[in-house]
Amino acid sequence: MNAHVSPPGETAAAPLLELRGISKAFPGVKALDDVSFALYPGEVHMLLGENGAGKSSLMKVLCGAYQADAGEFFYNGEKVTIASTADAQKLGIAVIFQEFSLVPYLDIAQNIFLGREPKGRIPGTIDRRRILADAKRLLDTIGFEIDPSIIVNTLGVAQQQMVEIAKAISQNARILVMDEPTAALSDRETELLFALIARLKADGVSIVYISHRMAEVFALGDRITVLRDGRRIDGVKPADVTPDQLVRMMVGRTVDMTYPRHFADKPGEVLLEVRNLTAPSGISDINIEVRRGEIVGLCGLVGSGRTEVARAIFGADPVASGEIVFDGKPISGEPDIAARRGIALIPESRKSEGLALLRSVGDNLVVSALRKLFPSGLFDPRGSQRTADGLIRQLRIATPSARQTVGLLSGGNQQKVVIGKWLAAGAKLFIFDEPTRGIDVGAKSEIFALIDRLVAEGAAALMISSEQVEICHVCDRAYVMREGRVAGHLTRNELTEENIVRLGMHHA
Amino acid sequence: MTDIAKEALSPPRSFLSQDAIQLFYRLLAVLLICAVLAVLNESFLSLGNILNVLRQASLTFFIASGLTLVVLTAGLDLSVGANVALSACIAGTVIHTTGSPVLGILTGLACGGIVGLLNGIMVTALRIPSFIATYGMLWVLNGLTYWYMAGETLHGFPAGFRQIGSGYLFGLPIPVYLLLVFLGIGTLFAQRTIWGQEIYAIGANPVAARLSGIPVTRRLLLVYTVSGTMAGLASIIFLSRLNSAEADIGESLTLPAIAAVLIGGTSLFGGVGTVFGTFIGALILTLVLNGMNLLSVSANWQPLVTGIIVILAVWLDMKTRRRAQ
Amino acid sequence: MREAAIVSQANPLQRIPGVAIVLGALIVLFGAIAPGFLSPANLSNVLVQSTILTMLALPMTLIIMTEGLDLSMGAVLTLTSLCVAIVSLATKSMLLGLGAGVLVGAAFGTVNGWLVAILGIPPFVATLGTLGMAQGLSLIVSDGQSVVGIPHSVRDIYSATLAGVPVPIVIALVTYAFFHALLYHTRFGSYVFALGGNREALRYAGLSPNKLLIAVYALGGTMAGIAGLLMTARMNSGHPTAGLGLEFDAIAAVAVGGTSFERGNGWLLGTLLGVISVGVLRNGLNLISLPSSVQVASVGVLVIVALFLDGLRSRA
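Protein chains in written order, with full-length UniProt numbering: chain X, 1 to 508; chain Z, 1 to 325; chain R, 1 to 316.
This is chain X alone, in the form it adopts within the complex (with noise of 0.2 Å):
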């Protein structure tokens, strides 16, 4: 597992920075297990990896945000702690964010260099003349040709990320670490990027470059580091591999399945059928449908759009063209005629989105039937209480009484708790946005026996889910979509991990 692939270029003898069995634990979820990980001067470093198979905990450990449970640090051969954003920064290791840390209404070189302006002549001031002269000659260095007194927040996302690199570049960064840098460019501006890559390179700048890109996998990198279950799993160079071998590495996680799935002869008949839509939250023509009685999963990369179409279902988001039948009849509008027509969403944040987390249990287990329980309008707490008790004990929520605050439950049950709220009010079809992040194993089993129950009983589900395993197991068939669009369709038999992971990722 530790054995190091060779550095680039077989004369760089040391690393620059090197990881030695770095573990991360959060309750219920070992995000990081003895991950090691060496990066050379001036390589690209691929990180490679499912959702959620610890790529970004990496990061974090790596910049700071996050401290190791266990492992050690070496900057240049020596041991070095890295225990804040501060340390991290002292060893010139500076993260790219995919949300930028720039001030939206400041100019570039205002940006670059906030908090260390060259001081003017009068106290307080900022000798614009310098300022302006250093930001050029910083630019110039990276080749990013562009006046420093532009305002930032008339940059383009490509720009805006050169000025970021910029600002890292200022702070002597050695080390720049990149999350999916090129998702939000255009071929273009991608060009531009590598171009820049390419040129901090030949400067010995070391990057470690996230990425569920093949291509960019194979052109940018120097070597290949494969994560799963927050282990890692081999480190290779791209020559020696292919896109399939690498695809086999990130797939086939272990994952306790105990819970049982019912699937029905046949499918019931049509509930939801989504014709061409298209909404303004970057999704486009899509194509979906869902019987009664069927678990449809709807995979892909996280940033796909997957959530994007089921809040344009569910009527969160506005629609801008194409149709939405439900139970034989178009719907439109609000959430509040999705929820009446029997549409229920579970957000993927649940705490977010999902609960009113300093309410009772019992509010909001009935918060979503209160027309359906009590239709004259008057609400009767004996009533709602005793709906709630009903939940409590049919989904066996652990929970003092109706009356805990629901923000004090765990993750498992407040997640039983919105399931709940929408049995509660008679939902024919669930959508679930992630329905297992954060929960611990066995209440994944409960969820999903519950799941598998409901659609036994002639609702339907459809499940958006970045546990390609658990989309495998429970799901009667699945849709892949990618930036934006359905990539394809699995049916049942079709339905592996890989071809979601081929399906979904980009491999031009």
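The hints are simulated quantities; they were obtained by calculation from the structure and are not laboratory data.
Some clues are possibly wrong.
[As the list claims (entries may be wrong)] In silico SDA-like links for lysine to any residue, alpha-carbon gap of 25 Å or less:
{"id": "1", "chain 1": "X", "residue 1": "Lys372", "chain 2": "Z", "residue 2": "Thr320"}
{"id": "2", "chain 1": "X", "residue 1": "Lys201", "chain 2": "X", "residue 2": "Arg223"}
{"id": "3", "chain 1": "X", "residue 1": "Lys351", "chain 2": "Z", "residue 2": "Arg321"}
{"id": "4", "chain 1": "X", "residue 1": "Lys372", "chain 2": "Z", "residue 2": "Thr187"}
{"id": "5", "chain 1": "Z", "residue 1": "Lys319", "chain 2": "R", "residue 2": "Lys211"}
{"id": "6", "chain 1": "X", "residue 1": "Lys372", "chain 2": "X", "residue 2": "Gly442"}
{"id": "7", "chain 1": "X", "residue 1": "Lys119", "chain 2": "R", "residue 2": "Trp114"}
{"id": "8", "chain 1": "X", "residue 1": "Lys60", "chain 2": "R", "residue 2": "Ala177"}
{"id": "9", "chain 1": "X", "residue 1": "Lys351", "chain 2": "Z", "residue 2": "Asn290"}
{"id": "10", "chain 1": "R", "residue 1": "Lys92", "chain 2": "R", "residue 2": "Ser159"}
{"id": "11", "chain 1": "X", "residue 1": "Lys119", "chain 2": "R", "residue 2": "Val141"}
{"id": "12", "chain 1": "X", "residue 1": "Lys237", "chain 2": "X", "residue 2": "Ala86"}
{"id": "13", "chain 1": "X", "residue 1": "Lys119", "chain 2": "R", "residue 2": "Val170"}
{"id": "14", "chain 1": "X", "residue 1": "Lys351", "chain 2": "Z", "residue 2": "Thr187"}
{"id": "15", "chain 1": "X", "residue 1": "Lys119", "chain 2": "R", "residue 2": "Ala177"}
{"id": "16", "chain 1": "R", "residue 1": "Lys211", "chain 2": "X", "residue 2": "Gly124"}
{"id": "17", "chain 1": "X", "residue 1": "Lys201", "chain 2": "X", "residue 2": "Val251"}
{"id": "18", "chain 1": "X", "residue 1": "Lys428", "chain 2": "X", "residue 2": "Ser466"}
{"id": "19", "chain 1": "X", "residue 1": "Lys90", "chain 2": "X", "residue 2": "Glu78"}
{"id": "20", "chain 1": "X", "residue 1": "Lys30", "chain 2": "Z", "residue 2": "Leu221"}
{"id": "21", "chain 1": "X", "residue 1": "Lys90", "chain 2": "R", "residue 2": "Arg199"}
{"id": "22", "chain 1": "X", "residue 1": "Lys60", "chain 2": "R", "residue 2": "Leu207"}
{"id": "23", "chain 1": "X", "residue 1": "Lys372", "chain 2": "Z", "residue 2": "Leu221"}
{"id": "24", "chain 1": "X", "residue 1": "Lys119", "chain 2": "R", "residue 2": "Ala215"}
{"id": "25", "chain 1": "X", "residue 1": "Lys201", "chain 2": "X", "residue 2": "Glu189"}
{"id": "26", "chain 1": "R", "residue 1": "Lys211", "chain 2": "X", "residue 2": "Asp127"}
{"id": "27", "chain 1": "X", "residue 1": "Lys90", "chain 2": "X", "residue 2": "Tyr75"}
{"id": "28", "chain 1": "R", "residue 1": "Lys211", "chain 2": "X", "residue 2": "Lys60"}
{"id": "29", "chain 1": "X", "residue 1": "Lys372", "chain 2": "Z", "residue 2": "Phe189"}
{"id": "30", "chain 1": "X", "residue 1": "Lys90", "chain 2": "R", "residue 2": "Pro122"}
{"id": "31", "chain 1": "Z", "residue 1": "Lys319", "chain 2": "R", "residue 2": "Trp114"}
{"id": "32", "chain 1": "X", "residue 1": "Lys119", "chain 2": "R", "residue 2": "Ala181"}
{"id": "33", "chain 1": "X", "residue 1": "Lys428", "chain 2": "X", "residue 2": "Arg502"}
{"id": "34", "chain 1": "X", "residue 1": "Lys119", "chain 2": "R", "residue 2": "Tyr176"}
{"id": "35", "chain 1": "X", "residue 1": "Lys372", "chain 2": "Z", "residue 2": "Val181"}
{"id": "36", "chain 1": "Z", "residue 1": "Lys319", "chain 2": "R", "residue 2": "Pro122"}
{"id": "37", "chain 1": "R", "residue 1": "Lys211", "chain 2": "X", "residue 2": "Ser101"}
{"id": "38", "chain 1": "X", "residue 1": "Lys351", "chain 2": "R", "residue 2": "Glu200"}
{"id": "39", "chain 1": "R", "residue 1": "Lys211", "chain 2": "X", "residue 2": "Ala133"}
Dock chains Z and R against chain X, hints included.
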């Protein structure tokens, strides 16, 4: 900290008992203030003064009760005072010209309600933050009222109409009965209707409320309209009590109403609070101001004290919330 | 996909039309319907009367850029104006009066900043509370009465001219120059942009957002203190409701001037044009004999429209 750890560490508790404790503290405060005032000034416990306190508190309460609903949704209505002034002046004119108090009352309520609805439209459809939208409305209303009144004062209303604000029934001022009625209605609306439940849900987490199928826009429109209508109701009581209407009667009303809501335990961040708490808040504020009055402190001190109380109440609320999270 | 949708917004220079159109339209309108509006004497009058508002609206721009608000400015101005009146009356010294006003104003501003930055109280409630406090103190120190008999040294500030230019206009120009230099040419100015635009960036650069925020509010209070001197000079007295609602005109000028309530997008020249727009609106309505109440209502409508458009723009 993680969920599991949190669950293990914190003893089970419920929000209801928290609410009960908070309410208990406030009632204690009422008693304490009463005791102190009774010691300091013997006329405090006179029937006349007690009835006076109740009547004063009821005026603050009418405005503050509607405002409570707005604050429950994590909004704010800074236009209530100006709304009272405009509604009073318009209702007064209607009574003067038609001679019909009923028509005047209805006009006052309608005027208040329409202003509230406009606030709601600004907050929902135009998506202007509530505090700034209603602050703009405050000045629009102020300007309209002064322009409409042109420095005039409306005087002298029918005796029957004047009974509303200054009359007595079985020894108690009529506004006190109205106070009890609206305290009941407000509490029932907030606690015992599905609309009330939805309002709490919206305040606790507007995103989750929308994704739970609650028609957030319509409920917000309702809440701002109710707040405006209650301001309209307060304008009628004022008109009847003062037996006159002037453009400036609303200027000193908004801050005390906000103070009453916040002292009453309704959180500025939404989702927590009760109409009954607001009643207690109105009572506490009135007692403090009444006490200052009895102790011959100039009325000039009132805005200063109210301002300090507003800040203290928000600060306390933030502290308890931070502990709850 | 959604996170990728970073919209590049229009260049701030493209916003010149917005407020310029408002101002141009108002000038054309009142030039046509208000007799004497375009006379040099009246136009000079508009500018002179805009001085105090300029001194409030410029710091208000900075405060709003930090996604904050200061509702107490008008009440603090009232209080400082009274302080100037009382102290200058007692000491016969304009400078001591000014000193007292500035001290009280700065104290209120600092308290506002402290409530917002350290206690974390939402700005609109925190400053609503201090509004009440300043209003109360104004009533207390003046006992609800006007303070009259102000020394000439104070009064002359408003009526004197410097090389033929009224002193208030000179003061307004100096104030504008100061704020322009402060916002666009100092480190502090850069950090004000960052307070609203990206507070994380400040922290990352090792700066304290809280201290900066307090400084911004304190600056607002200080300016209200200096404006208090002008207010006293203009009214030749101290009056316990002198500055009532002036903060609203200031907010109106900032909003009309195109400063956004989000992301630290401020524009001082826009605020200046906004101030003049508000001044023209009030002056024009006055000339066609509409009472000040209508002026107040019109400014209110102006703000709501401006905020609505601001919301549209930031959503686009």
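Checklist entry - Does Lys211 of chain R pair with Asp127 of chain X here, judged by a C-alpha cut-off of 25 Å? => result Judged against 25 Å, a Cα distance of about 23 Å means the pair holds.
Item to check | Given pair status - Val170 of chain R, Lys119 of chain X, alpha carbons within 25 Å | outcome: The hint is violated at about 29 Å.
Checklist entry - Does the structure keep Lys119 of chain X and Val141 of chain R at a Cα separation of 25 Å or less? => result violated (45 Å)
Next on the checklist: Next pair to validate is Lys60 of chain X with Leu207 of chain R; report whether the Cα-Cα distance is within 25 Å.
Outcome noted: Distance of about 22 Å is within 25 Å: holds.
Item to check | Restraint check for Lys211 of chain R with Gly124 of chain X, where alpha carbons must lie at most 25 Å apart | outcome: Status holds; Cα separation ~16 Å.
Item to check | Given pair status - Tyr176 of chain R, Lys119 of chain X, alpha carbons within 25 Å | outcome: Measuring from Cα to Cα gives roughly 23 Å; hence the hint holds.
Next on the checklist: Given the hinted pair Lys90 of chain X and Pro122 of chain R, is their Cα-Cα distance within 25 Å?
Outcome noted: Roughly 36 Å separates the two Cα atoms, so the pair is violated.
Next on the checklist: So if I understand the rule, the pair passes when the alpha-carbon distance is 25 Å or less; does Lys372 of chain X with Phe189 of chain Z pass?
Outcome noted: holds (18 Å)
Next on the checklist: What's the verdict on Lys319 of chain Z and Lys211 of chain R, does the C-alpha distance respect the 25 Å limit or exceed it?
Outcome noted: The given pair, whose Cα atoms are some 21 Å apart, holds under the 25 Å limit.
Checklist entry - Are the Cα positions of Lys351 of chain X and Arg321 of chain Z separated by 25 Å at most? => result Judged against 25 Å, a Cα distance of about 17 Å means the pair holds.
Checklist entry - Does the structure keep Lys211 of chain R and Ser101 of chain X at a Cα separation of 25 Å or less? => result Answer holds: Lys211 of chain R to Ser101 of chain X is near 20 Å, not above 25 Å.
Checklist entry - Taking 25 Å as the top limit, are the C-alpha atoms of Lys211 of chain R and Ala133 of chain X close enough? => result violated (30 Å)
Comparing the model with each numbered hint stated earlier shows that hints 1, 6, 7, 8, 9, 11, 12, 13, 14, 17, 20, 28, 30, 33, 35, 39 do not hold.
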